[in-house]
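Asks: The chain contents come next:
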Amino acid sequence: MLEQDREVGGTGVPSTRAAVTAERVLAGICLAVPVVALLSVPSYSRSTPELGGMPFFYWYQLLWVPLSALFTWSAYLLLSRDEKRRAAHRGGDAR
Amino acid sequence: MTPLAAKVNAPALTVFLLLLALVTVLGFLAARWRRAANTRHLDEWGLGGRSFGTWVTWFLLGGDAYTAYTFVAVPAAVFATGAAGFWSVPYAAMVYPLVFLLLPRLWSVARVHGYVTPADFVRGRYGSRALGLAVALTGILATMPYIALQLVGLEAVLNVMGLGGGPGASPLVKDLPLLLAFAVLAAYTYSSGLRAPALIAFVKDTLVYLVVLVAVVYLPMRLGGYHHIFDTAAAKYRAVSPATHQPVGSLVPGSSAQWAYATLALGSALALFMYPHTVTGVLAAKSRRTVRRNMALLPAYSLLLGLLALLGFMAVTDGVGKGVKGYNAQLAVPQLFADLFPGWFAGVAFAAIGIGALVPAAIMSIGAANLFTRNVYKEFVRPGATAEQETKVAKYVSLLVKFGALVFVLGTDQQLAINLQLLGGLWILQTVPTIGAGLFTRWFHRWALLGGWAVGMAYGSWQAYGIASPATKHFGGSTALIPLIGRTGYIGLTAFVLNLVTATALTVLLRALRAPQGADETRPADYRAEVGDGTGPSDHQPDAGSPAAADTGDHQPDAGSPAAADAGGPEPAPATAPTG
Chain A
1 MLEQDREVGG TGVPSTRAAV TAERVLAGIC LAVPVVALLS VPSYSRSTPE LGGMPFFYWY
61 QLLWVPLSAL FTWSAYLLLS RDEKRRAAHR GGDAR
Chain B
1 MTPLAAKVNA PALTVFLLLL ALVTVLGFLA ARWRRAANTR HLDEWGLGGR SFGTWVTWFL
61 LGGDAYTAYT FVAVPAAVFA TGAAGFWSVP YAAMVYPLVF LLLPRLWSVA RVHGYVTPAD
121 FVRGRYGSRA LGLAVALTGI LATMPYIALQ LVGLEAVLNV MGLGGGPGAS PLVKDLPLLL
181 AFAVLAAYTY SSGLRAPALI AFVKDTLVYL VVLVAVVYLP MRLGGYHHIF DTAAAKYRAV
241 SPATHQPVGS LVPGSSAQWA YATLALGSAL ALFMYPHTVT GVLAAKSRRT VRRNMALLPA
301 YSLLLGLLAL LGFMAVTDGV GKGVKGYNAQ LAVPQLFADL FPGWFAGVAF AAIGIGALVP
361 AAIMSIGAAN LFTRNVYKEF VRPGATAEQE TKVAKYVSLL VKFGALVFVL GTDQQLAINL
421 QLLGGLWILQ TVPTIGAGLF TRWFHRWALL GGWAVGMAYG SWQAYGIASP ATKHFGGSTA
481 LIPLIGRTGY IGLTAFVLNL VTATALTVLL RALRAPQGAD ETRPADYRAE VGDGTGPSDH
541 QPDAGSPAAA DTGDHQPDAG SPAAADAGGP EPAPATAPTG
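Residue numbers (my numbering), protein chains in the order written: chain A, 1 to 95; chain B, 1 to 580.
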């Protein structure tokens, strides 16, 4: 059965691709960076330098919204690539 | 400026009513939108046939998670306290990286097993009816006051427009507009299910984006620029409050406020996608890729929220509520719009908030109804219920839930709804160990998770009960001293840590005692299942849930989105990133 093959490959028994890959590690870092940056409140709780009249505290956090999206999108691309390679490996095993 | 509820703002009201009429029509038409062959399955009414592509999901989740109350309350918090109210911005920025790994797994396993609610998953994963019930009841309990708060948001704009009469008006006249809006909402949710808010969300979000973008450009021009705005705000927060003998706020959080700031952001970010209404929006997506993509696209709404928060400072500069003792900060932004926008555009802004209340209220009532139907009714009352009976019950419950929220808002103090909603966030956070950990591991014991949940709920509620504020004797806030650390932080997160520690300790103990683990009906591969890869719900009847059945052709409004391609082929299409 095709589905069984898939599962054996999926649970990683004799898969040719390791559980820890460069893509997965990088994706993990991409996801951790925005969270860590925003949780470090002391690193940005000050009022200078201002940007267009706005204190640092505000524009810095607003800037992190698109940055966070960029990091998340990178993680998405990295994991998509990882999954495609895994699928290719599995396809090779099954046939 | 002008005291509220002085007289009816005619241009604003006209535009407001026109836009509301438009979405009402849309709400009823939605029943025909992407209609599937099997309309009686709960997947159809309660999850829109699990057929929404990237853009529909984006609008739906955005319309769902960023509610009218958020749009009123976030700038209101900034207006009242300054920096301390800005924590919603880091919260909204970190939520997507945090849940990026969780939600696609939840989507996949729900897809394979036909789960409609988070509690369905918990029950299947741990083989525990009690744990499923705990998660379901927490969800329902947390959602009810949230729906009530949507009404509070709606009431705020109605008030500022001069509807609802003056202080001396009879209760009937006062509440009539709210009653009408709610009756209409209940009717189209009943008939169209999740498709109604999904379609209306397009209108809502277009209006919200328009209003916020215009506001952050136009209002500073009227108010003398951002420099002046922040200067006047700084002056306001320096003033010493006669009640606490402390400054009323600050522009930058001092070192004593930083723990509270970070823990509020983190705790709320963890909780957001455990709410029944957000899970409903996620499960309605048609593919795993749709969910993943949205994690990177939804921050557009977070940026919007951040810009909106700045309106709190503009309201200060405008002098909203100046000199009024005990001014209701919730009215600050609607009042700002009424003061500075031309009448017709104020109407657009009010409609954005008003429709912004209706969309989440509809999804929340559907989410709560799904929970009740699947995890209380079918589980404990009538195990043999057919799919058709499930849908019927869910539809009635959605009415009941909304009616309950309405009675709540009209019958009790508005402050109570706000208190309970704060408490709701804290409660929902206590389901994170069960759902979140369960998506990755079966290590935790089901009874241990139940124990951890109970401890977290009890500790959090008890702590919150003890907090007084000038407005209320209990539940006056969401921060308290964190034991051991000795800083002020979000109670919900403290309770969450306590919950996790308890669950871990009990798991070790129960495993040592060899307590029965309960059957797990899921397999590792289920958590990675994607549409069209052969792992679909083959045990389901002719499959109203699968997009292949629901999407009858490529003429669907969503066909333009890149994700529309992934319904067909067994292999995910190459990542063609949509711009923006």
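Derived from the structure by calculation, the hints contain no laboratory data. All figures in this text were calculated on a predicted structure; none of them were measured in a lab. For each residue, glycine too, the CB sits at the ideal point set by N, CA and C. Wrong hints could be hidden among the right ones.
Quick list of the computed label-pair ranges, beta carbon to beta carbon [said to hold, decoys possible]:
| no. | chain 1 | residue 1 | chain 2 | residue 2 | range |
| --- | --- | --- | --- | --- | --- |
| 1 | B | Ser-255 | A | Leu-51 | 18 to 26 Å |
| 2 | A | Ala-32 | B | Arg-511 | 28 to 36 Å |
| 3 | A | Pro-66 | B | Tyr-327 | 49 to 57 Å |
| 4 | B | Arg-487 | A | Leu-77 | 33 to 41 Å |
| 5 | A | Pro-49 | B | Gly-466 | 36 to 44 Å |
| 6 | A | Ala-18 | B | Pro-516 | 32 to 40 Å |
Asks: Check the structure against each numbered hint from earlier and tell me which ones fail, lowest number first.
Replies: 3
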